[in-house]
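**Q** For reference, the chains in residue letters:
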Amino acid sequence: MKRHQLVLVGLLGLYCLITLAPFYALVVRAFTPTVQSTEFHLWLPDRRPLSMNARLGDLATIYSIDARAFRQEMGIKGYVNPQLTLAQLAETYELEPERIRAWLEPRVQYNGVLSVMEAGFLRSLLATIFVTGVSVGVGGLLGIMTGSALAGFRRPWHLFTYNLYMLNMIIPPMMVILPQYLIMTKVLGLDDNYLSVILIHIKGGALSTMVFTSYIATIPKELRESVQMDGGRHYHYFFYVLLPLMGTPFAVFASIAMPWMWNDLLHPLVFLSPAKYTLPAFVAAIGGTYTTNYEAIFSGLMLSLIPILLIYLVFQKMFVRSAVAGAVKG
Amino acid sequence: MSEVLIEGVSKRFGRTEVIHGIDLRIKEGELTVLLGPSGCGKSTLLRMIAGLEDISEGVIRIGGEEVNDLEPVERGCAMVFQNYALYPHQTVRRNMAFPLKMARLPRAEIARRVAATAKLLQLEELLDRLPRDLSGGQRQRVAMGRAMIREPKIFLFDEPLSNLDAELRVRMRLEISRLQRELLATMVFVTHDQVEAMTLAHRIVIMRAGLIEQVGTPLEVYRRPANRFVAGFIGSPAMNFIDVREVRADATGSQLTLGDGSTLVAGALPAETASVGIRPEHIRIGLAERASLSFAAGQHRSIGAEHLGDRSYRYLSLPFGELTMLAPEEQVIDETEPLAISFDPARLHCFAHDGRRLERAAA
Chain A
166 MKRHQLVLVG
176 LLGLYCLITL
186 APFYALVVRA
196 FTPTVQSTEF
206 HLWLPDRRPL
216 SMNARLGDLA
226 TIYSIDARAF
236 RQEMGIKGYV
246 NPQLTLAQLA
256 ETYELEPERI
266 RAWLEPRVQY
276 NGVLSVMEAG
286 FLRSLLATIF
296 VTGVSVGVGG
306 LLGIMTGSAL
316 AGFRRPWHLF
326 TYNLYMLNMI
336 IPPMMVILPQ
346 YLIMTKVLGL
356 DDNYLSVILI
366 HIKGGALSTM
376 VFTSYIATIP
386 KELRESVQMD
396 GGRHYHYFFY
406 VLLPLMGTPF
416 AVFASIAMPW
426 MWNDLLHPLV
436 FLSPAKYTLP
446 AFVAAIGGTY
456 TTNYEAIFSG
466 LMLSLIPILL
476 IYLVFQKMFV
486 RSAVAGAVKG
Chain B
91 MSEVLIEGVS
101 KRFGRTEVIH
111 GIDLRIKEGE
121 LTVLLGPSGC
131 GKSTLLRMIA
141 GLEDISEGVI
151 RIGGEEVNDL
161 EPVERGCAMV
171 FQNYALYPHQ
181 TVRRNMAFPL
191 KMARLPRAEI
201 ARRVAATAKL
211 LQLEELLDRL
221 PRDLSGGQRQ
231 RVAMGRAMIR
241 EPKIFLFDEP
251 LSNLDAELRV
261 RMRLEISRLQ
271 RELLATMVFV
281 THDQVEAMTL
291 AHRIVIMRAG
301 LIEQVGTPLE
311 VYRRPANRFV
321 AGFIGSPAMN
331 FIDVREVRAD
341 ATGSQLTLGD
351 GSTLVAGALP
361 AETASVGIRP
371 EHIRIGLAER
381 ASLSFAAGQH
391 RSIGAEHLGD
401 RSYRYLSLPF
411 GELTMLAPEE
421 QVIDETEPLA
431 ISFDPARLHC
441 FAHDGRRLER
451 AAA
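The listed protein sequences derive, respectively, from chains A and B.
Number 266 in the working numbering belongs to position 101 of the first sequence; there are no gaps in the numbering.
Number 143 in the working numbering belongs to position 53 of the second sequence; there are no gaps in the numbering.
Be a bit skeptical, because a hint or two may be false.
[Unchecked claim] Taking CB as the label site, the calculated pair distances span:
| id | chain 1 | residue 1 | chain 2 | residue 2 | range |
| --- | --- | --- | --- | --- | --- |
| 1 | B | 179 | A | 169 | 36 to 46 Å |
| 2 | A | 338 | B | 179 | 33 to 43 Å |
| 3 | A | 352 | B | 129 | 48 to 58 Å |
| 4 | A | 324 | B | 336 | 52 to 62 Å |
[As the list claims (entries may be wrong)] Straight-line C-alpha distance at most 20 Å; calculated SDA-like pairs for lysine to any residue:
| id | chain 1 | residue 1 | chain 2 | residue 2 |
| --- | --- | --- | --- | --- |
| 5 | B | 191 | A | 403 |
| 6 | B | 191 | A | 388 |
| 7 | B | 191 | A | 404 |
| 8 | B | 191 | A | 401 |
| 9 | B | 191 | A | 387 |
| 10 | B | 191 | B | 161 |
| 11 | B | 117 | B | 102 |
| 12 | B | 191 | A | 399 |
| 13 | A | 386 | B | 173 |
| 14 | B | 243 | B | 166 |
| 15 | A | 386 | A | 329 |
| 16 | A | 386 | B | 172 |
| 17 | A | 386 | B | 163 |
| 18 | B | 191 | A | 393 |
| 19 | B | 191 | A | 389 |
| 20 | B | 191 | A | 408 |
| 21 | A | 386 | B | 144 |
| 22 | A | 386 | A | 338 |
| 23 | A | 242 | A | 227 |
[As the list claims (entries may be wrong)] Residues of chain A placed beyond 12 Å of chain B at every Cβ, according to the derived structure:
| id | residue |
| --- | --- |
| 24 | 180 |
| 25 | 193 |
| 26 | 205 |
| 27 | 340 |
| 28 | 364 |
| 29 | 388 |
| 30 | 389 |
| 31 | 402 |
| 32 | 406 |
| 33 | 408 |
| 34 | 409 |
| 35 | 410 |
| 36 | 425 |
Hints in this document: simulated from the structure, not taken from any laboratory.
C-beta: ideal position from N, C-alpha, C; glycine also.
All chains, please: the whole structure from these sequences, using the hints.
**A** So this is what it looks like as structure tokens:
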């Protein structure tokens, strides 16, 4: 390898490291106990054993531990004084200290991941996949239909319509959140319904309109005419010719729009109840009421990133492949 | 019957009229070429026959039936596009089967016809490839296969050979004319390439600016062009035109006064001749023929020569204008010597002021 190539590879490597550093920090943070969260960690900190002198109330507050679940697990009936330490608890209720430790220690040592899981991470993940999937799919389909109508701007009003879609981009979502809420709940009756968030995601569609309109304009009009000559109707053209060619623009659209939909915090927070929160709202809600459980928040962030990263990598491959296939059109 | 009859057809895009009332008869079983410079409306006319463009005025009949309001498929036309318009995500087999699928033919029948057409066009080994894996000529053949699989009454070709390289163009030209003979099909072929037109056509329709200039067999339009435009358009290099100032007739024939004042003696020519045309291959150096022009040393200048191997063209600058002629390769034209050129007056084409051809009185 030549010297300038080495320098180039080195710089690229450095760039990769810089890009990946936040993800690394996030993973470390996801396993850093909240009590140490003001300290700087480069590596996962050691897990400290559970102290039997800790008070049950403090543990419940700081580690978001469900005191009622603890009582049921230990077979304690009635009120438990949260000021009691674990050692005193064991004495008062004649419990084996080891039993208390066995139940509480993992919840303290791996507090972040476990409390995220217990708060309903999987349900929230499924909700997010549903909302994002339907939004990307339906939004893409609508974009293809809009694009195939507008491509080429054959009439003056085509450009006007296109510009209206583009105008949609400059409206800040915060500003219209109240009228949108009123429309969703009072007019459409979509109170606490995933459909409301999906509708918000696919409405307007400036990005999809832009991507599909410009791509469809590059498809030769002879393909359409050929279908016409062969006796096909417009829907034949749409389903047999146009849709199969939409892989590239769809990958472009999905890889840009999907992270945005996946990470949307505002709309689920406004339109959905906590039991139906999608991931970002869910993560924001697990912080706790009186204290902030940073370990849980960071774990929630990390876990909610993994699926989108996987999806993104798959799409990235498709994206690169289709982009290359289009470049060497012969 | 699959004769195409075009009666008073006009086409307007918005306010611009691009075709001004054309009448044309395309005979059954013939290959008719629509020829003309770009923008003359030949493709538009083809697309109106196909049904891809509305007809602003006039009537198109196919096999006696008016087709103005029929869908393309109902007209029994198939079209081969300039860029082939193959469906890029479908294999050759599915591309060729597409028209039959649209016609809802049974699957076995589709397979049988695809196989038969592929055999005819020698596409059997390519059936499972995608269009992007094919060469230009193969794509062209697939496009033709897709057009003929429906057994249409009329084939329409929109400059199908212009994307091919020169050698392939010659081969595809032969192939198209072989297919035409085998299928006895009515074909309409649009091109701006006169060599294609001359070699393929039974009948050439020469168009300019939305009007038909002449209809005739290739040799007819070459030998008896209807006007100056056709005369200049057909033939390469183009015909030479010499402006005529005056025609004086006497007992021996006509004396033409050319633009520069020199005189040319030719057989009897119409009195209103405003210009005469002569093809490069009909001009000789020397005084071998009846009509002749002589130039003193310094009056003529050679501005170029093209040696094509089998023939050579010379471009001369003469007092009355520029002249192209066919001359043997070894012929030397020396600018410091006098030069004489001559030609048979019977080869002269006479044109009136408005460019119309003037027939010579039978001698």
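**Q** So, for every hint listed, does it hold in this structure?
**A** Consistency of the hints with the structure:
no., hint, result
1, 179/B x 169/A: 36 to 46 Å, "holds (41 Å)"
2, 338/A x 179/B: 33 to 43 Å, "holds (37 Å)"
3, 352/A x 129/B: 48 to 58 Å, "holds (55 Å)"
4, 324/A x 336/B: 52 to 62 Å, "holds (60 Å)"
5, 191/B x 403/A, "holds (15 Å)"
6, 191/B x 388/A, "holds (16 Å)"
7, 191/B x 404/A, "holds (14 Å)"
8, 191/B x 401/A, "holds (11 Å)"
9, 191/B x 387/A, "holds (19 Å)"
10, 191/B x 161/B, "holds (17 Å)"
11, 117/B x 102/B, "violated (26 Å)"
12, 191/B x 399/A, "holds (15 Å)"
13, 386/A x 173/B, "holds (10 Å)"
14, 243/B x 166/B, "holds (5 Å)"
15, 386/A x 329/A, "violated (25 Å)"
16, 386/A x 172/B, "holds (12 Å)"
17, 386/A x 163/B, "holds (18 Å)"
18, 191/B x 393/A, "holds (13 Å)"
19, 191/B x 389/A, "holds (16 Å)"
20, 191/B x 408/A, "holds (18 Å)"
21, 386/A x 144/B, "holds (16 Å)"
22, 386/A x 338/A, "violated (37 Å)"
23, 242/A x 227/A, "violated (24 Å)"
24, 180, "holds (34 Å)"
25, 193, "holds (46 Å)"
26, 205, "holds (54 Å)"
27, 340, "holds (42 Å)"
28, 364, "holds (32 Å)"
29, 388, "violated (5 Å)"
30, 389, "violated (9 Å)"
31, 402, "violated (10 Å)"
32, 406, "violated (5 Å)"
33, 408, "violated (10 Å)"
34, 409, "violated (4 Å)"
35, 410, "violated (6 Å)"
36, 425, "holds (29 Å)"
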